[in-house]
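So the sequences go chain by chain: B and G. One rule links them: number in my numbering = place in the first sequence (from 1) + 3. One rule links them: number in my numbering = place in the second sequence (from 1) + 3.
Hints were generated in silico from the structure; no laboratory data involved. Be aware that one or more of the hints could be misleading.
Pairs involving identical chains hold if they fit within one copy or between any two copies, as the list cannot separate such chains.
Unchecked claim - With a straight-line Cα cutoff of 30 Å, these simulated BS3-like cross-link-like pairs (lysine-lysine) come out:
| # | residue 1 | residue 2 |
| --- | --- | --- |
| 1 | Lys157 | Lys286 |
| 2 | Lys128 | Lys101 |
| 3 | Lys100 | Lys128 |
| 4 | Lys235 | Lys323 |
| 5 | Lys14 | Lys100 |
| 6 | Lys235 | Lys123 |
| 7 | Lys279 | Lys157 |
| 8 | Lys30 | Lys80 |
| 9 | Lys379 | Lys80 |
| 10 | Lys30 | Lys379 |
Protein chains: 2
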Amino acid sequence: MIVNSSLDEVKKRENALSIIKNIVETKGRDSLFDLTGLSGGFIANPSELSLLETYVGPAIFEEALQEVGIEHMGGEKVLPLNRTSSGILATILTLVKKDSNVVHYLAELPAHPSIPRSCKLVGAKYFETDVFDEFSIPENTSLVIVTGSTMDHKVIDEDEFRKVIEMAHEKDIPVMVDDASGARLRTVVFNQPKACDLGADIAITSTDKLMPGPRGGLMAGRKELIDEIKVKVNQFGLEAQPPAVLAMLNGIKNFNEENLINSFDRKDQLFELLCKQFNNFEKTPTGVMISAEDLADEIEISHNLSDNDLAFILAFILLKDYGIITIPAVGMPGASATIRFDLSTSDAFNFDLIDLSKKIEASFEKLLDVITNEEKCREIVFSF
Amino acid sequence: MIVNSSLDEVKKRENALSIIKNIVETKGRDSLFDLTGLSGGFIANPSELSLLETYVGPAIFEEALQEVGIEHMGGEKVLPLNRTSSGILATILTLVKKDSNVVHYLAELPAHPSIPRSCKLVGAKYFETDVFDEFSIPENTSLVIVTGSTMDHKVIDEDEFRKVIEMAHEKDIPVMVDDASGARLRTVVFNQPKACDLGADIAITSTDKLMPGPRGGLMAGRKELIDEIKVKVNQFGLEAQPPAVLAMLNGIKNFNEENLINSFDRKDQLFELLCKQFNNFEKTPTGVMISAEDLADEIEISHNLSDNDLAFILAFILLKDYGIITIPAVGMPGASATIRFDLSTSDAFNFDLIDLSKKIEASFEKLLDVITNEEKCREIVFSF
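Build out the structure end to end from the sequences listed, making use of the hints.
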C-alpha cells in the first residue's frame, strides 16, 4: 500500500499542491488544467476588495448574500460556511443529541465521510441506506439526512426525495439535505425543484462545485433553525470569512446554466474517444469518470497495489506530465479516489478532447510501466 | 435582561452589522471608526487575486506562508485556520481523549469560551487557574493550555510561562499556547520570546489581532503534531481558505511594530482625558477599556439592567451616533463585554483624542437618559 492513512492523504495532497505551485511558477497558469469540477473561483472588483475588513465586510456582503443566496437555494435565510463539511458538523452539533439516531438516505453508498464523522463526535448512532422504506426511521431519530447528488454525481430520484422528506416530517424529524453539487446538478440538468422547495428544513451546497465560486458552503433553510445553527457556527469558528462571502455572492451571480448544459454534449464526445482504449469509463452528468475499482479491472499485469493507490498514481502522472488536476491528487482526506474529468468548468472549455483523450491514454501507459516498482510509485505520489 | 442567550448575542451582532452597512452606504467608510483592535485587513494585489482558485491558490500561498509564518511564530511548521477557535477545536479533537483532564493557565480568569466548549465536546474534564503550582496537573492530563494574553490584553509573566511549560513537559504532556493577540503583544511590547521558542508544542495566534491581517488563526509548532492536527482540520472543514491565506501572508509582511509601540503614548493621553469624567477606565497595552462591572459602578441611577446589558447598550450608542465600532456591539457569542478603545489600528491613528473622549462622554450621558426605559434599550440593541 502506498497511501495507507489520513496522514498519508494529507502528505499526498501537500505534494500535489507543491507540484501545482511549481507548474504555475515555471510554465504559468495556462499550463494547468483543473478538471476536478471543483475549481471554483474568486470573482471580486477593486471597490469590493477595499471593504474586506473584519467587521465592515460581513455587514455589506452577508446582507447582499441573503437575497442572492435565497434565490439560488430557496429557504427563508442563508448562512455562509467555511466548508460544506463545517456546515454538516454545525447542523449535527445543533440538532443531534448523544445516543439518538441519524438516518442518511443517498442514491448510492457510501456517504461523504464528514457525515458519519460528525455523528460519531456527538455520540449519535448513524445509519445509511440506498433503500428507504417505513422501517428506515427508528425510534429516537433526531435527524434525517438526504444527499441530493453523491460525490460521483449520482443524482437522487425526485419521487424518492419527496417520500423521504414526507416520512421524516410525519414523525416531526427535521431533514437536512447535503446538496453539495446537487443544488445545481439536480435543478439545472434534471429539472428538479430546490431542496428547500421540496420541504427540506436545511440544505447545504458547495459554492465551488459546478459554479465559479470559492471553496465554501452555503446553508439555506428555515430561519429559526439557521439562527440556532449559527450560534454553533460562530462558537466553533465554522463560518465563511468576508473574502469567501464576497466570492460566493459573485460566484452565484456569475453561475451560468448554459455552461453546465453544454458540458453534456462534450462529455459524450470524450466518452466515445476513451471507449476506443478503455472498457470501464462511465459518464457523469458533466464529464467522464473511472472508479479506482474499475481502473484496477483495466490492468492485466500482476501487482501489489491497492485499487485506490492505482488511482492516486494515475492522478499524479496526469498532474506531473500534463498539468491535469483531478481529485485523487488534490482531494482532502476521505475524498473519493474516483478519477473524474469534469468538463463544466472554465479550464475544460478550451481543451481539445482528442488531445485530452491521448494524454489520458499516455498516462495510463506510464502507470503500467511503473506498476511493479513500488519505490517508483511511492516517489510519483509523495515526491516533488 | 436585554441580551439573555447566545441567540440574543447572534441577533445583536447581526443588527450591528446592518448598522455598519448602512453607515458605509449612506456616509461612506470614512465615517466608521473600528477601534476593536481586531479590524484586520485584506491586503492583496491584482496578480495575486487572479490565482485565488481552489487548488491553485493554496499551492502558491500556503508554501509562501510557511516561511513568513515560521518567522513570525517560530516552530517547525505553520497551519492556517479559519479562526483561532477552529484551531483550538482541532487541537483538542486531536490530542484530548474522553474523560482525560485539560488544565488551562491564564493570567486572569475567565478563559475564552472556545476552550472549555471544545473540551466539553470531546467529553474531557476542564480546569482553569491563574495560580499554577505542582498540584495543578492531575493524573491523566492530556493537554496543558497557556493563554499568552487574555481577551482584555492582560499578559502572562514570562517566568510563570516557562515554569508551566516545564512542569507539563516533565510529565510528557503537550502544551498548546493560545497566543491570540499575545504573539505580537508579548513579543513586541513586552520583549518576551515567541511561544514556540519558550517550548510550546503548539501555538495559535489570531491574524486580525494587532496586525493588518484577515480574521483567521495561524497555528505553529512541532511538525509531527501539526500534521496530525491538520488531518482533523481538513476532515471538519476548519482550515483557512486561499483568500484568507493570501491575506495572512500579506498581513504578516505588513505588520508594523512601530504602530503597536506608538499606540502606547496615545493611550496615556486618552486615559487622562477620560479620567476627568470617569473613575473606572483602565489602560490596556494599546488603549483603554472599561469592563461591564466597572461601567455599572459609574452609574448611580437605579435600574434593572445587567452589567453586560449596560455595555451592549453603550456600544450600540457609540456605533449608531458616532460610527465607533467596539467589541460588545459586533462580537461573537461569548466574547467579552468589556468596552475597549484600541489605538493600535489604522482607524485610530487619525482620530483626535479630545474628540474621541467627548464622544465617549456624550454616549455615556445618552445611556443614562435611556437606562430606566427597557423598551428603548431593547430598541437600541436590536433595532436598526
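Exercise for review: Go through the numbered hints given earlier and state which of them the structure violates, listing their numbers in rising order.
Suggested key: none
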